[in-house]
Structures are given as structure tokens and as C-alpha cells.
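Chemist: Single-letter residue listing:
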Amino acid sequence: MAHFEKANSLNEWLDQRIGVNTLKKVMQSEYWIPKNINFLWAMGMVLAATFGILLVSGIFLLMYYQPSTDLAFDSVNYTIMTEVGYGWLWRHVHGVGASLVFLIIYIHMFTGIYYGSYKKGRELIWLSGMLLFVLFSAEAFSGYMLPWGQMSYWAGMVITNLFSGGSLHADGLVEWIRGDYVPAQAYLSRFFMLHVLLLPLAIIGAIVFHFGTLRLPHVNNQEGKEVDFAESARLWKEGTTESRRKSEVIPFSPVFLSKDVFVMGVYFILFFYLVFYHFEFAMDPVNFDPANGLSTPTHIYPEWYFLWSYEVLRPFSTDLGLIAFATAQVIFFTLPFLDRSPNVAPANRRGLFHLWFWAMLADMLVLTFMGKLPPQGIWSTIGLVAAITFFVLWIALPIITKFEKKL
Amino acid sequence: MNKELKILGIVAAFTLLLYWGVEPFAHSQMHKHVEGHGLVYDGTADIEEASKDKKEVKKKFWSEVKEIAKLKGDATAGEATFAMCAGCHMDGAANMGGVTPPSLDHAGAIYDKNFLIALIKDPAMATNVDHKYPNGDMTHPMGSITTMVSAPQDIANVVAYLKAKKAGEVTPKEAFTEACGRCHANRYGKLTQLGEIPKTKSNIKTNQDIDRMKYDQKVATEQNALAEYLGKLPPDLSIMYRARSEHFLDTFIENPQANLKGTAMPRTGLNHEGFEKVMEYLAETGDPSAPARAMAGPWVLLFFFIFTILAYLWKQSQWRDLH
Chain A
1 MAHFEKANSL NEWLDQRIGV NTLKKVMQSE YWIPKNINFL WAMGMVLAAT
51 FGILLVSGIF LLMYYQPSTD LAFDSVNYTI MTEVGYGWLW RHVHGVGASL
101 VFLIIYIHMF TGIYYGSYKK GRELIWLSGM LLFVLFSAEA FSGYMLPWGQ
151 MSYWAGMVIT NLFSGGSLHA DGLVEWIRGD YVPAQAYLSR FFMLHVLLLP
201 LAIIGAIVFH FGTLRLPHVN NQEGKEVDFA ESARLWKEGT TESRRKSEVI
251 PFSPVFLSKD VFVMGVYFIL FFYLVFYHFE FAMDPVNFDP ANGLSTPTHI
301 YPEWYFLWSY EVLRPFSTDL GLIAFATAQV IFFTLPFLDR SPNVAPANRR
351 GLFHLWFWAM LADMLVLTFM GKLPPQGIWS TIGLVAAITF FVLWIALPII
401 TKFEKKL
Chain B
1 MNKELKILGI VAAFTLLLYW GVEPFAHSQM HKHVEGHGLV YDGTADIEEA
51 SKDKKEVKKK FWSEVKEIAK LKGDATAGEA TFAMCAGCHM DGAANMGGVT
101 PPSLDHAGAI YDKNFLIALI KDPAMATNVD HKYPNGDMTH PMGSITTMVS
151 APQDIANVVA YLKAKKAGEV TPKEAFTEAC GRCHANRYGK LTQLGEIPKT
201 KSNIKTNQDI DRMKYDQKVA TEQNALAEYL GKLPPDLSIM YRARSEHFLD
251 TFIENPQANL KGTAMPRTGL NHEGFEKVME YLAETGDPSA PARAMAGPWV
301 LLFFFIFTIL AYLWKQSQWR DLH
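Order-wise, the sequence lines are chains A and B.
Residue numbers are given in this note's numbering: position 281 of the first sequence equals residue 281, and the series is strictly consecutive.
Residue numbers are given in this note's numbering: position 265 of the second sequence equals residue 265, and the series is strictly consecutive.
Calculated from the structure, these hints are not laboratory results.
All figures in this text were calculated on a predicted structure; none of them were measured in a lab.
Incorrect hints may have been included.
In the DSS-like style, the derived pairs of lysine-lysine whose C-alpha atoms are separated by at most 27 angstroms in a straight line are [claimed, not checked]:
(1) A:K246 - B:K3
(2) B:K6 - A:K225
(3) B:K121 - B:K132
(4) A:K406 - B:K3
(5) B:K52 - B:K121
(6) A:K237 - A:K25
(7) A:K406 - A:K225
(8) B:K132 - A:K225
Assemble the whole structure, with the sequences as input and the hints as a guide.
Modeler: Here it is, written out as C-alpha cells:
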């Protein structure tokens, strides 16, 4: 039995038992963040807040949602929208949040790419972040099934069909995933389970891991500069105005957090503007028709955040398209290893890589636009060129970074 | 600070470009644009889209409608002629040839005058579904009207009567029931093709509601007849307001053929008032949270404005002496 003194305060009592003071130091007051950052460094906390909003709104929706093919559509569109007090608010918050979380994920990703925040000890930050991206994608897809509208049904049909592997004709695998020959009750039940239990658990775990990978390498800064954290921390802890000015770091809480909260405030204004006045962008009209296996919608397309990878799939023949699609899903994982340059610096100081960054961003935008349009005429051609460009850029990456001048 | 604004500008520009590409631009390319005609029914669109052999017939038909519209109708004489209409268009009317004749209680208020004239003259032509009756081996359920009321003056009289006596104040729900409700249910509005779902009670000992079962059976019979006649059961319109754009509904209601070539849906001939009322009802069942949103929205935004200002002041106090 360990020896315990009588505690004089609640804090002391807790500190004796679970070390709250150490915890506070490690996670807040002595978790050092470089000073030289901009608002893009707040996207992580913005994402955490958005995930929190999705979790809370999801819990409220879960109390009324019915995961049955007969009742799902009306439980969402009638019960929640009409009979539940503020049910509409939770639903619109959940829908808008699901769309915005991807916007912020993409901003967060491209910030990391631009500033080179994935190398020299930060590889695991990137890899765990990509794992989160994949988990969020699965969460978004499974959630999209739940209202059981036309787009839920047909997106489910199209995406699960991909697992047949083209010429491999692995139809048994597709049936195993669906639990039936077509998306039906078994399918809805399991995607409901994935959406409200397994995937959220995995996401929470992955978020903790993502934060963990960040603690030792520390976050990057605007110049990609290697900061002497020990020296800067000493200067900060000295506590005089002069020494704090000299220090290159700030503690996570309260200094960094105060800026995060301000950025979150601006973000929430946009978020709730969309919730109240422009929510329809996040809820496809086609999904307000109940699922009907006998009537295929004129256009089937995923939500905007999957369009670029959908367009990598579409312009090729079945087998080639599937290989391209599968590659595109995982290619971003390889970024820390395909980037052969030792430089950790913003892209604008990295020569050809600067061009590569904007070309990749532009190409993914073009792919996204084409992914929604019907694959006809000029749109198909542009989509094909953009899909090929996507792979050419990835093949070029190790070559151009290999010859990059060391800064 | 300036650098941060520059970065924000770039992020915002890309976000807006992304939005433009996947929303307004994509939708402008995905759906064919259909021009509305302001709920005026003079046959322009019908003649334009008609096949060559039909063009002349349609031209003649709509020019005759125009001539009848010029006649001065006598409402009193029209009332007597209307007795023939009331034989079918009455409360509790039976299904005839697939569809139950709708109530005409507010016909003068919600339907366009030219359309009513055309409808009495030739129902298939007026509703732009004449393609369904090519050889005359099957007639429009209201086809017999052409033999009952055919003289131009009689038509003008009936329409004058409808416009004078069947034009009272109409509620959104009545407009929906009369113009759409014979074919389309609205389950969120608790309407079937037979009208409002009656209140029934279950037996407390067996939990069986026999009256409801009987009603459901009647609805099923009606729906089967409709599906037989129209080729499919017309969709429930509960949340059509969310499922289609306003422009689509606008042009579709005016002329279903323009958006969905070959559809069995007849034109309903709604005028502006009728259209507004029907849309009001569709919004009521399809987007019931609109009033609550309008009420809560400004307060939530105000909260976050104040939140952001306070957060900014906190941030300034924390970062004041850092550089």
C-alpha cells in the first residue's frame, strides 16, 4: 500500500491519486507550441470541435432514428423533422458538420503538405492522420446509408459493387458485405452498427493516437525551422516579459488555445450560418426520394468530398479503374516516403515541389468538378486527363524531390 | 496579421471555387433547362414539342380555345350545364377509369380560365397526355365530356359559372387535395388518395383496428386502379419540396411533358393562386422547420458573434507581449 498524506485541496487529492499536475504540465502548460504559426495551425482543434459536434448531434439523432428499411426514411424525414423538438436542428447540424469536417480535413492535409509537416520524425503524425481520413471516409459513407433514400441505396449498391474486383468477379464477397444479394435490411443494420459504434470508437482511438504522435516531434512552424524546445521552454518559464519575447515557443494552454478558440469562433459563425440558411448544399435532393430498387436515379454521384477519387475510377476501363481507385485511396499514406528531399520548409522555398503542390491541388479540384458531372463528351476527356495527371504527379514526386537543392 | 489575411483569402477563394464547381455549376450541367411560361396556357409549349403529324391538330385546338375564351360566358346558364359535371365531380365520387374525379369546389379559384376551357373541349389535349390515346381504342376517363358539353357557348358558360361560383377562399390543403390529391398521397400531411385519413380506434383487448384495416384496403384498391391506369403509382408528395428544386416543380406542374417526356401525369392547369397554395402546402409538409429556423437563426449567430469577439479579446490579452 502506497503512503498517502492528508490532502488539503481537491486538486492535491487528485494529484496524489492520478497525478493531475503532471498531466496538466504534459498536456497543457508545458506542451510547447512554436510561436511562428498562423491560423492554419488551429485546424486540428477545429476538427476536434467539429467531431464533438457530430458526436453530440449524432447521439440526439440516435434516440429517434429507426434502423429498419421500412421505417428509416420516415424516422429521419418525419419523426425527427416534425415531431421531435429541435430535431431539425440536430439533423441539419449533423449534415452540415459531416460536410464541413471534410473541408477542414482537406485544409489540414494540404497545410501539412505545404509546410512539409510529415517528415523528419513527423511521419507517424502524417500516417495516423491519413488513418483518420480513411476512418472518417468510412464513417461518412456508412452514415450516408442511414436515411435510406435513393442516393443511400444506389451509392451503397455502386460502392459495394466495387468489391467484386472487376474481372475477378468476387460476387461472393459483395454478397458477404451486403449480407444479401442487394442492399436490404441486413445491409442497413450492419452499416448502422458501423456508423454509431465501431467506426466512432476507432475514430476516437485514432484521434488519441494522432495527438500522441504529435507530442514528441512537436508541431511544425511556418518556416519549418528546427526549434530548440528545451532552451525556449527555459526562457518561457523564466517568466519575464523579456525572456518570453526571446522564447520561440508558447504553452498549449492558455496561449495557443486562446487563438484556437478565436479561430473556432469564426468557424462557428460560418458553421451555423450554413445550418440555418444554407443547409441544402449538404443534403442531396435525390436522397429525399425513398430508396427504390426498381428505379435508378438519372445521376449517381457521391458527396463532394469523395468526388476526386470517384473520378479517378470512372474514366478508365473496369479493371484499370479499380486499380487506379484503390491506389488513389492509399497513395497519400506514402507521401513521407516518396518525398525524398530532406528539407522541412514551406513549399514556396522548395523549387519544383512548389509547382507540384499547386498542380496537385488544382488537379484534385478538376477531378472533383468532373466527378459530379455526367461522364459525357468533353467532361470525360477532362476527367481522363486529370486522372492521368494525378498519377503522373505522384510518379514525379520522388524524382523532383530527389534533385531538390538542400536548403 | 497581413500574412494571415492573405492565407485566409487563398483558403476562402479555393473553398468558394470548390463550392461553385460541385453545386451551381454541376447542377447547371446535369439538368436540362426548361423554360417556364408563367402558368399561362395557350398551347405554345405543346405545339413546339409536338411531333410533325400532331402539330396542326394542336395549333387548331389551341386557336379554338382562344376563340371560346373571347366569348362572354353566362354563369346562370353555366350552372345548369354544370349539373352534368356534378354527376361525377361530387363528394364520395367513385373511381372512374382509374382515377376518382376530383372535387371542383375551388376550381374557379385555382385553375386557369383558358385551361378550363381546353379541358372541357378535350381533356387529353388540354392536359397534354393525348400521346396516351393514340388510336382511340382507349379514351381519357373524362373523355365523355366532349359529347356532353361541346358547343363553344356552353363551354364558356360553364367556365363562367366556375369562375363566379366556385372561386371562394381556398386553403393550401384544399388546393393540394383538389389539384394533386386524387393521384398523389401526402403521408406527412396524413392524406391518402381518398383524402384525410379518418380517426379510428383499436379494440383495446385485441389491439386490432378493423375500421383502419377496411380503410387501408380501400386505399390499396384505389392505388392499384391508379397504377393500372397510369403505369405506376404516382409518388407520395410529402417531401417533394426537398427532393426537387423550386424551378423544377414550377415548370413540371405547368407542363409535366417538358421535364419528363412521355409521363402519364396530366397537366393540372393551376393558375398563380393555385400554384402558390399548392407550393405552400408542399412546403408545410416537406420543410416544416422553416419558421423555427427563421426564429432561432439570428439568435444563434448573435451568440457566436459575441463568442468570437470575447475570444478575440482573450487571444489579444494572451499574445500581447509575445513579440
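Chemist: Out of the numbered hints, which ones does the structure contradict?
Modeler: Violated hint (a single one): 8; every other hint is consistent with the structure.
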